[in-house]
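**Student:** Please work from the sequences and hints to get the whole structure.
As a plain string of letters, each chain reads:
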Amino acid sequence: MTDQPPRILIVEDDAEAAEALAAAARELGAQPEVVTTYDAGLIAAAGTDYAVVVFDRMLPGGDGIDAIARIRAAGSTALVLVVSALGRAANKIEGLEKGADDYLAKPFDPDELRARLRALLRRQAMQVLDNDMVVLGPVQIRMKARTVHVGNQHVPVSPKEFELIAYFARNAGETVTRTQLLENVWNLHFDPQTNVVDVHVGRLRRKLEQAAGRGVIHTDRGAGYVFDPQRAPQPADDGDAG
Amino acid sequence: MRPRLPLLGSAALRVTLGVAAGIILLSVGAMAVQYRITASALEDRQGELMAAELAGFAQFYEQRRIPGLREAIEARATVTGPDEALYLLQDRNGQRLAGNIASWPEGVVPSGSLFAAAPMVEVPGPAGAYRGVARELPGGFPLLAARAMTPVTETLRELRGTILRVAAGLSALALLAGWLVARAVVGRIGRLNALADRVAGGELSARLPGPRTRDEFGALETHFHAMLDRIEALNRATHRLSDTIAHELRTPLNRIRQRLGRIEGQADEIAALQAEIAGTVRIFDSLLDISSAEAASGQRPGLVPVDFSTLAAEVFDLYAPLAEDRGLQAAARIAPDCWVLGERNLLAQLVSNLLDNAIKFTAPGDRVELTLAPEADRHLLVVSDTGPGLPEELRGEAFDRFTRADRDRDRQGHGLGLALVQAIAARHGARPTLPPVRRGFRIEIAWPKLSRP
Numbered sequence: 001m002t003d004q005p006p007r008i009l010i011v012e013d014d015a016e017a018a019e020a021l022a023a024a025a026r027e028l029g030a031q032p033e034v035v036t037t038y039d040a041g042l043i044a045a046a047g048t049d050y051a052v053v054v055f056d057r058m059l060p061g062g063d064g065i066d067a068i069a070r071i072r073a074a075g076s077t078a079l080v081l082v083v084s085a086l087g088r089a090a091n092k093i094e095g096l097e098k099g100a101d102d103y104l105a106k107p108f109d110p111d112e113l114r115a116r117l118r119a120l121l122r123r124q125a126m127q128v129l130d131n132d133m134v135v136l137g138p139v140q141i142r143m144k145a146r147t148v149h150v151g152n153q154h155v156p157v158s159p160k161e162f163e164l165i166a167y168f169a170r171n172a173g174e175t176v177t178r179t180q181l182l183e184n185v186w187n188l189h190f191d192p193q194t195n196v197v198d199v200h201v202g203r204l205r206r207k208l209e210q211a212a213g214r215g216v217i218h219t220d221r222g223a224g225y226v227f228d229p230q231r232a233p234q235p236a237d238d239g240d241a242g
Numbered sequence: 001m002r003p004r005l006p007l008l009g010s011a012a013l014r015v016t017l018g019v020a021a022g023i024i025l026l027s028v029g030a031m032a033v034q035y036r037i038t039a040s041a042l043e044d045r046q047g048e049l050m051a052a053e054l055a056g057f058a059q060f061y062e063q064r065r066i067p068g069l070r071e072a073i074e075a076r077a078t079v080t081g082p083d084e085a086l087y088l089l090q091d092r093n094g095q096r097l098a099g100n101i102a103s104w105p106e107g108v109v110p111s112g113s114l115f116a117a118a119p120m121v122e123v124p125g126p127a128g129a130y131r132g133v134a135r136e137l138p139g140g141f142p143l144l145a146a147r148a149m150t151p152v153t154e155t156l157r158e159l160r161g162t163i164l165r166v167a168a169g170l171s172a173l174a175l176l177a178g179w180l181v182a183r184a185v186v187g188r189i190g191r192l193n194a195l196a197d198r199v200a201g202g203e204l205s206a207r208l209p210g211p212r213t214r215d216e217f218g219a220l221e222t223h224f225h226a227m228l229d230r231i232e233a234l235n236r237a238t239h240r241l242s243d244t245i246a247h248e249l250r251t252p253l254n255r256i257r258q259r260l261g262r263i264e265g266q267a268d269e270i271a272a273l274q275a276e277i278a279g280t281v282r283i284f285d286s287l288l289d290i291s292s293a294e295a296a297s298g299q300r301p302g303l304v305p306v307d308f309s310t311l312a313a314e315v316f317d318l319y320a321p322l323a324e325d326r327g328l329q330a331a332a333r334i335a336p337d338c339w340v341l342g343e344r345n346l347l348a349q350l351v352s353n354l355l356d357n358a359i360k361f362t363a364p365g366d367r368v369e370l371t372l373a374p375e376a377d378r379h380l381l382v383v384s385d386t387g388p389g390l391p392e393e394l395r396g397e398a399f400d401r402f403t404r405a406d407r408d409r410d411r412q413g414h415g416l417g418l419a420l421v422q423a424i425a426a427r428h429g430a431r432p433t434l435p436p437v438r439r440g441f442r443i444e445i446a447w448p449k450l451s452r453p
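Same order as they appear, the protein sequences are chains A and B.
Per the UniProt record's numbering, residue 1 is the first one in the first sequence, and the count goes up by one each step.
Per the UniProt record's numbering, residue 1 is the first one in the second sequence, and the count goes up by one each step.
Don't take every hint at face value.
Covered stretches of chain B, as calculated for chain A (at least 3 residues, CB under 8 Å) [said to hold, decoys possible]: (1) 216 to 222; (2) 254 to 260; (3) 316 to 323.
Some chain A residues judged to face chain B by a derived CB distance under 7 Å, without partners named [stated by the list, open to error]: (4) Ala20; (5) Val157; (6) Phe162; (7) Arg203.
These are computed hints drawn from the structure, not numbers from a lab.
For clarity, every value in this text was computed on a predicted model and none was experimentally measured.
A virtual CB, placed ideally from N, CA and C, is assigned to each residue, including glycine.
**Tutor:** Next up, the structure:
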């Protein structure tokens, strides 16, 4: 699995969406395969070892949500991303409760899609992160003690800020979106009208950067944030979310 | 939920008891008529005995006049006690010639002639009432012959006792029958009522188990089921419709979105279009959220115990830094352990909408306050601010969809926030109110309490 690109199965009947999904997969260095019906999706998922399966709902032949249990029963270890026009909070929660690993509503932002796919590929590749101490450049995070140090300096963080930095650490070096943060750190599956998340990230960022003396959380303009303490400071990091 | 019907209040029991009471009245009436007939037959029988005796005396009188009659009466008097019959024959001076009593009874006036059976008179005596004749025979001889009514009254008393016992037994049987019938009927109706309660509680697919009987109850149950099938089908159709709306609108919007992403240059224009698409999606999401929350209003399925205190605190913490950055004084007073039966995400969205509004419509220096406190049987959630408040003319329609104040036209939003708040509250059996305040905006929502699970 290390020498060949991860494979992503895309089950989607809308050509435009399928193309966008395949393009995102290729950009991430994965090898996409597209099928257009529910049954073809089930057969393909059972036959090949995919890293990620992207399932639409309201497909010809069935609902992708119902496919999850059958894919799992067939022995597949693929992570399932549901991408659907059924995009209300209630639909997402239903999907997650029925075993989807992530759920993205249409219409989707290509950046958001890439971030979700990347997070799933990463999760699939490194499995469980059970180290008590995570060290990223000067930043040390102790998971059990729930403390954060930069160099030798203790950085006091609130419980929510710790969850935020822990989620960032799991996706270090990659773009995470505001919606991902809201869903994974706050467990909220709706879209607040104001960008409340930015304020929280901004506070955590200031604390870390004051201690580190350089950028730790970077803004990926229009898309989200990248937690990367090792990255050299860039002039583009203006310290504010786009 | 409707309280279980007590058996005593049941219509079935009332009807059965009514019918039983009718039957009892009829039979007691019939027994009363029977009683009357028996009473008069017994009296007639006494009269006939008297008449026969008088006919005997008449024969003796015809043959030997007073001496003959005297012997006959004497003979009768020796074998008959005064508690059975009274006999007295006197001479014209009132001396007793024969009989079983000493003197003429008080108040009895002789009437009639010789030994005719009529007219008869009531005569008081040692055994109560007697009935017979009081005559004055030719020559001034008063004659009294009367038979005690005791056999008649005794028999009638026994008859009355029997009637009373039979009536009591009938009443007891009627009560028992009423109870049994009512229990059977209440059981059948109770099954339907329980089913209706479950359906009203949102369990649209609930049905009675087992086969239907071939009677009126079976027919009623079959009708009930047919109605529920129809309701369920309509409900499913409504759900499918909103899914279809989402699918048919979001799929083309997604195509537009993806194509926009491939256009080079004019980045600002594209970003604006993307924001428009996101705004459009947000509007119909809100509309669908509102109608689905309204459709599920007051239904229990899908609701789980939620620690509203923790949830409200989490949402407040999400907004607190933002409020602080905007120069607002935000405060939360949240009592611990306020549990409600709810949908976590909807409750979070409600609190988030209210805080969002409060922050959106206030200016630096204003106060925003969130409180959650238990009351007698409700948890009261209050969000208030010291902003400009609600324009008076909008008070009545604040919870309607697309209600916006003219002064807020330049602000972001579509006037769906409070409509969604009301729909979510209704989904949880709560009702938001806007109490009048001197300054700013205040919304209160009372939630049904759930004891800590």
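**Student:** Are the hints correct? Go through all of them and say.
**Tutor:** Cross-check of the supplied hints:
With 0 residues carrying a beta carbon less than 8 Å from a beta carbon of chain A, the stretch 216 to 222 of chain B misses the three-residue requirement, and the given coverage is violated. Restraint check on the stretch 254 to 260 of chain B versus chain A: 6 residues with Cβ-Cβ distances below 8 Å, three needed, restraint holds. Taking a C-beta to C-beta cut-off of 8 Å, the stretch 316 to 323 of chain B contributes 5 residues in contact with chain A, enough for the three needed, and the coverage statement holds. A cut of 7 Å between beta carbons decides the hint on A/Ala20: the least distance to chain B is about 4 Å, and the hint holds.
Contact between A/Val157 and chain B, as hinted, is not supported at the beta carbon level, the nearest pair being about 13 Å apart and thus beyond 7 Å. The restraint placing A/Phe162 at the interface with chain B is violated, with a minimum CB-CB distance near 13 Å, outside the 7 Å limit. Satisfaction of the interface hint for A/Arg203 is found here, the shortest Cβ-Cβ separation to chain B being roughly 6 Å, below the 7 Å cut-off.
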